[in-house]
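Peer 1: Chain by chain, the residues:
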Amino acid sequence: MFGNFIRCFLYITVGIFVVCGASYKIAGVETVTVDIFGMILLSAFVTTLATVLMLPKENDGKVMSCVKVILHYMVLCVIMSFLGIRFGWVDFGFAGIVTMIMDVGLVYLFAFIVYYMIDRKQAGEINKMLQEKYGDEES
Amino acid sequence: MKITIEVAKPGEEDEIIVRCASLDERLLKMIQSLRTEDKLTGYVDDKIVKLPLKEIYYFEAVDNKVFAYTAKETFEIRKKLYEIEQDYEQTDFLRVSKSTIVNVSKIAYVKPIFNGRFEAKLKNDEKIIVSRQYVTSLKKKIRI
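First to last, the protein sequences are chains A and B. FYI, in my numbering the residues of the first sequence are 1 to 139. FYI, in my numbering the residues of the second sequence are 1 to 144.
Simulated from the structure, these hints should not be mistaken for lab results. Just to be clear, a hint being listed does not mean it is correct.
Unchecked claim - Covered, in the sense of this in silico footprint (three residues per stretch, anywhere, with C-beta under 8 Å from a C-beta of chain A), are these stretches of chain B: (1) 96-106; (2) 110-118; (3) 133-140.
Stated by the list, open to error - The calculated EDC-like cross-link candidates involving lysine to aspartate or glutamate, where the alpha carbons are at most 16 Å apart (straight line), are: (4) 141(B) with 60(A); (5) 121(A) with 119(B); (6) 139(B) with 58(A); (7) 139(B) with 125(A); (8) 62(A) with 119(B); (9) 140(B) with 125(A); (10) 111(B) with 125(A); (11) 140(B) with 132(A); (12) 141(B) with 125(A).
Even glycine gets a Cβ: it sits at the ideal position worked out from N, Cα and C.
Kindly produce the complete structure, drawing on both the sequences and the hints.
Peer 2: If you want it as structure tokens, here you go:
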């Protein structure tokens with residue numbers, strides 16, 4: 001559980017850094033204060049907590065998994081909208097909240113891609129080992 | 001009693017040789033347990049079947065019962081899943097989720113799926129789910 005939390009925290013933190021960096025670049029912001037690191041880490045911690053608690057569990061069926069993923073995304077949007085307004089990343093208003101929802105989506109996508117790439121690599125290693133050990137055996 | 005383990009040459013069948021001055025009861029019991037170890041008692045309809053372990057693809061716990069799946073048939077096993085896990089820990093059987101123990105030698109390949117889990121395609125074309133938490137032990141089991 002702890003290992004899962006740390007891994008998730010790492011991917012989300014990197015994702016938030018990437019999206020923050022891209023957002024500031026697009027907005028033409030040249031310099032940022034050191035405070036940003038603490039804000040990003042706090043955001044990552046809170047969203048990781050929500051992720052570990054809310055993402056689908058092993059026994060959940062397809063429908064329940066989809067429902068949990070959608071709820072999880074909505075909760076992340078609420079958390080990040082609140083924190084984003086608090087930290088001054090976005091303005092309190094329709095445009096600010098839409099921006100934050102899109103940013104959450106980008107971090108979500110980033111984390112999903114990273115997890116999937118790592119899983120594919122693991123699957124490749126396992127399949128290679130399976131072939132080496134049992135490849136000649138008849139079923 | 002001295003126990004010696006030798007590595008067989010490639011292609012040689014695994015063999016256990018018992019060298020003794022005379023066969024006493026203790027040795028007879030040991031030999032008997034070795035002979036029956038590679039088979040499991042399965043139940044289907046009203047029949048009792050001795051299932052060779054190497055023919056079992058996976059075990060699954062459903063509604064407080066445990067079933068063994070071979071290439072084409074299903075048998076009920078009168079054991080708990082954790083007992084099967086303990087009994088066959090040193091074989092190719094490995095727990096891959098809360099309710100499934102798979103014969104690793106029957107896995108054709110694995111691939112990642114939604115929600116961080118993996119799907120194992122077996123050599124009889126069935127698919128089972130491998131939970132993320134068991135992936136490390138799967139790698140350990142098949143490491144050469």
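Peer 1: Against which earlier hints does the structure fall short, listed by number upward?
Peer 2: As far as the earlier hints go, 4, 6 are violated by this structure, in ascending order.
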